[in-house]
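Asker: This is what each chain is made of:
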Amino acid sequence: MMGKGRSHLVRRVREYLHHKELMAGTIILGIYVLIGLAAWAYYRGGLSYLTPDLGVYLGYHNPVPPTLTLYPFSLGSFTLGQTGGLGFSVAEGLVKGTPWDLMLFAGILVPTTLLGLVVGVIAGGSGGLVDDALMTVTDVVLSIPPFVVALLVFVVILPGIASNEIPLVFVASMVLINWAPYARLSRAKAKTIAAKPFVEAAAAAGANKGRILFRHVLPNSVSPVLSQVPITLSNLIILLTVIPYVGIVTSQQYLHILSFMPSTYFPEWTWILVNGMLGWHVSFSSNAWWGYVIPFLWIFVFGLSVLLFCDGLEDFLSPQSGSQTH
Amino acid sequence: MSLSPVINIAGSISSLIQVMSESKENQRGKERQSDPFLARAVRRLAPVVLAILTILHRAFVSPISGFFSRLWRPVGKRVDRHRMIIVWAVRRTIIAVAQLLGILTILYFFFDVVAVSASTTETFVSVTTGWWTFLSNMFTGQWGMISIADVVPIPTAQYVGYYLPYSIELAVLALLISVCVAYPIGLLSGWHRGRYLDGSVRGYTAVWLFFPAIIFGFFLMIFLYGPFLSYTGDSLTSLFGTLPSIQWFDANGGPPSWIGQTYGNTTPTGFPLIDAAWNGSWSAEWVIFMKVMLEAICIAASYVALFLRFARNATVEATKAEYLRAGRARGIPDRSLLWRHAGRRVIPLYIFTIGNTFGTFIVIQSTVEFIFDSHGALYLLLFSGGSSLILGGLQSEQALLIVIIFLISIVIIAANIVAEVVAMALDPAWLSEKEKEGR
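As they're listed, the protein sequences go chains A and B. Using my numbering, the letters of the first sequence map in sequence onto residues 1 to 326. Using my numbering, the letters of the second sequence map in sequence onto residues 1001 to 1439.
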């Protein structure tokens, strides 16, 4: 028995290593995680604050362009906030932001997926009144556009709470807004799984309802849920870009309340992106392209790696995983 | 045998009717006596005219009448399906009212219970005077007065009315572009599964997921719209976001009378594209059209990716249907199988998908309207939201936010219901699926 299990594991690992999509996603995501860990180890105390670059204050009209020579290597720097604000390096901001953003996205996506999965599996696996009740709740949550609720969260809830509690409240509200599509997807899958013979066999062998749901139905219902993860991530990135942009343009103020962050000089990818965009918005002439192109590419590659990873994992976990044909 | 090449169809039809109304013998006798040439011509031309009429009918009339007859009297068990669709629509409408009440209650909860610092003012939507008053005010259109940018307060409904036509105009254009692009591409990629086009569609949907409309719009603005603005003399922060600005008209002798001075609304219809043409201001029409098209393309680029992501699997399923294989075995050419048979089968699926993704469409449009500084109602959503972000904002802007969210919710829910009912009427299999599903 032991040998058989081991050979199965070896075969699965080999399949994983030969799965192009999955490996590409894993490698790029791994690089991001390594950058995050390195930033955490290197900056330690200074990780939550953007230090002024070059020790000077930059205006919008004199941002420093990137130098792509070997030394000194730089991705350019521009001002955070309005003219005369704090100048900082793009590269440093992105690297410092990496651990925070990875924690943020993981902290939202993992609980969201789990919550939706559990609700969907309970609904699809048990059927009857439980199914009806849970799916009615899901339908009501689905009918409300998440973006609008998130806007309301930003407008009404976040201004009223202490700044160090903002990230936690933001993450919790995002989980509560986004779980419904996951429940829908996993319910459909769980319904087909619950009708399979091996579930009946487990019930005949004396397994109780909870065991059937969480040991037999749930592990087999994971794969369709993974296709929703990149969509939620995309919505999250759109939200984190739009809210600060809109807030700054309409109010002409640079406040941390416009993002989920605890302070204004907190390093965060989309905040850096929005500041780069607004540098252009203030005057057409100061076109500091490195202020928006580089943060955008940074976020874009991260998103694509998550997409590749999730699609690959979905393919890998589904029963006919050996074939990579689409 | 001299057939005139020029045929007066109306004359032929009238004489045809005349001829048909008389009995055959009479007709023959009359023809021989009175005008044998005309009668002969009519007899010979009748099949030609009938063929032309048939072709015209097939081309222009029967698709429309067929659509409506299928809509209201689906084939098969007619009465049953008819009744089932109506029952379904009524049930969905009742659920929709419940959803709307739920959304309004959430709004009430957010603005009354959570935002405790909000002070009461009689002029705005009275959130603070109680749940029931709030609900009845919202549904009866008593949205209070609004005063933004230090001008004389006007009713909120009127204010929103100034901004609404632009959004409708833009949404119609963007949806048209999206449908014209997404329908053939989605169908072809589902048909040629795993081939080059399918692969590029998958790549496009993947890339566009992390290339949001706000960033794409921003790049478009840098490369196209900035130079365009400096050419027309408009500015990004002007009140006339849509229209040529006051400065633009100053060069031609001051702003015209058809643009409202305070709110930038146009007369008589309110739709800038129509009004500029109505008033014969073709240079303004050109500027407005360019801007609307740019925005519509920006929206469509994002929406098509989203739409294809949802519609691709449905298309693949539709193109795997048994009857298509049977048709191929009988020798029907692939092209007609694709465009006539599969093409018709996916229409209800696509309509359903549009209804399902309409909420996201509105979000995309609002971000695009904001980044292009448009004169639209969805611009007001983000504008009022952004203004309310700072220290709870002004009462006036919060009230505007509530009203806009209320209107958006109505539109999204209505789009959902309409799309579902139309899809069901076109494809009764949907209905039985829903019945099986039990919801």
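Among these hints, one or two may not hold up.
[As the list claims (entries may be wrong)] Computed footprint of chain B on chain A, listed as stretches where at least three residues anywhere in the stretch have a Cβ under 8 Å from a Cβ of chain B: (1) 149-163; (2) 303-317.
[Stated by the list, open to error] A short list of chain A residues far from chain B (calculated; beta carbon distances all over 10 Å): (3) Arg-11; (4) Arg-12; (5) Ile-27; (6) Leu-37; (7) Ala-41; (8) Ala-91; (9) Val-110.
Treat the hints as calculated values from the structure; they're not laboratory data. We treat Cβ as the ideally placed atom computed from N, Cα and C, and that holds for glycine.
Asker: Determine for every hint whether it applies to the structure shown.
Answerer: Hints, verified against the model:
1. Note: the segment 149-163 of chain A has 9 residues with beta-carbon separation from chain B under 8 Å; the three-residue rule is met and the coverage holds.
2. Coverage of the segment 303-317 of chain A by chain B holds in this model, with 3 residues showing a Cβ closer than 8 Å to a Cβ of that chain against a need of three.
3. Look at Arg-11/A: its CB is around 26 Å from the nearest CB on chain B, clear of 10 Å, so calling it non-interface holds up.
4. Its beta-carbon lying about 25 Å from the closest one in chain B, Arg-12/A satisfies the requirement of being farther than 10 Å from that chain.
5. Every CB of chain B lies more than 10 Å from the CB of Ile-27/A, the least distance being 17 Å, so the non-interface label holds.
6. For Leu-37/A, the non-interface assignment is confirmed: its Cβ lies about 23 Å from the closest Cβ of chain B, beyond the 10 Å cut-off.
7. Ala-41/A, annotated as away from the interface, keeps every beta carbon of chain B farther than 10 Å; the closest lies near 28 Å.
8. Non-interface status of Ala-91/A relative to chain B is upheld: no Cβ of that chain comes within 10 Å, the nearest being about 20 Å off.
9. The Cβ of Val-110/A sits about 19 Å from the closest Cβ of chain B, beyond the 10 Å cut-off, so the non-interface label holds.
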